[in-house]
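Take the sequences, apply the hints, and build the full model.
Number of protein chains: 2
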Amino acid sequence: MKETMIELEQAAHTLKLLGDKTRLTILGLVKDSECCVCEFVEVLQMSQPSISQHLRKLRDAGLVKEQRRGQWIFYSLNREHATYPIIQQVLEQIPDQKEKLTALEEAGLRIQCDS
Amino acid sequence: MKETMIELEQAAHTLKLLGDKTRLTILGLVKDSECCVCEFVEVLQMSQPSISQHLRKLRDAGLVKEQRRGQWIFYSLNREHATYPIIQQVLEQIPDQKEKLTALEEAGLRIQCDS
DNA sequence: TGCATATATAAGTATATGCTTATATCATAA
DNA sequence: TTATGATATAAGCATATACTTATATATGCA
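First to last, the sequence lines map onto chains A and B.
So for the first sequence, the UniProt record's numbering puts the first residue at 1; every next one is plus one.
So for the second sequence, the UniProt record's numbering puts the first residue at 1; every next one is plus one.
Treat the hints as calculated values from the structure; they're not laboratory data.
Computed from a predicted structure; not experimentally measured.
Be aware that a few hints might be false.
The list treats identical chains as one, so a pair stands whether inside a single copy or across any two.
[Said to hold, decoys possible] Here are the simulated BS3-like cross-link-like pairs (lysine-lysine), alpha carbons at most 27 angstroms apart as the crow flies:
#, residue 1, residue 2
1, 100, 57
2, 21, 57
3, 31, 100
4, 65, 16
5, 98, 21
6, 65, 21
7, 98, 31
8, 57, 16
9, 16, 100
10, 98, 16
See below:
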């Protein structure tokens, strides 16, 4: 058995989280750069509590990390997670979400925070 | 965009199906060889209706193919499915289910059907 | 034909999921 | 200190999910 082998149960748990359009998009976004909640809300056109609840699931599972900077909380992909190889492979096979962040930027809605 | 790119929505649907321990094991089993329902029942130690219902979901999504041979219905992985690349990658990263079939065979419970 | 085996389907149920609205928490700025 | 903005959490609700038990369907064989 390869050292990098992922237990089936753990894999299933991660895959269940990936099996939702909203969360899959969120992961596709944080693959490219960290994002804060209001950016997800804007990109996905969903309510803030709904986004927060999805992020909580991803964070509880350890798939994303959060970091507060001022009033914003930035989320990023946790590349140290045991199931990260699965996430990485999946994200390579779906359309890039980068343009959505570019569009945000052009609309002046991207959060830039140096604190 | 790569030609082989899988639409996010379709990917999410497949991933949702993979996000269940029972179905993930079923797919891990048919990766190696086609299996009939009673074999899944034996390996997974679950009720026949429960297994049938999981197989139905996988078949409705087109992830597996079924083929009747005599009184048995054999299920196999549909490698032509648009999302097969995802399934393939995932199955490569979880423990092989082959031993479970070997154990079945040793117990004389493997179905051999030539019809 | 009639019975056994393999599988599918139907109906019921407990739990999970994903939203909603309302409210709480926390940081910043006036 | 108060107000504002960003985020989290709580509660409620409709729907989805994954079992269960009971039954239907289809094949093979005596």
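Check each numbered hint from earlier against the structure, then list the numbers of those it violates in ascending order.
none
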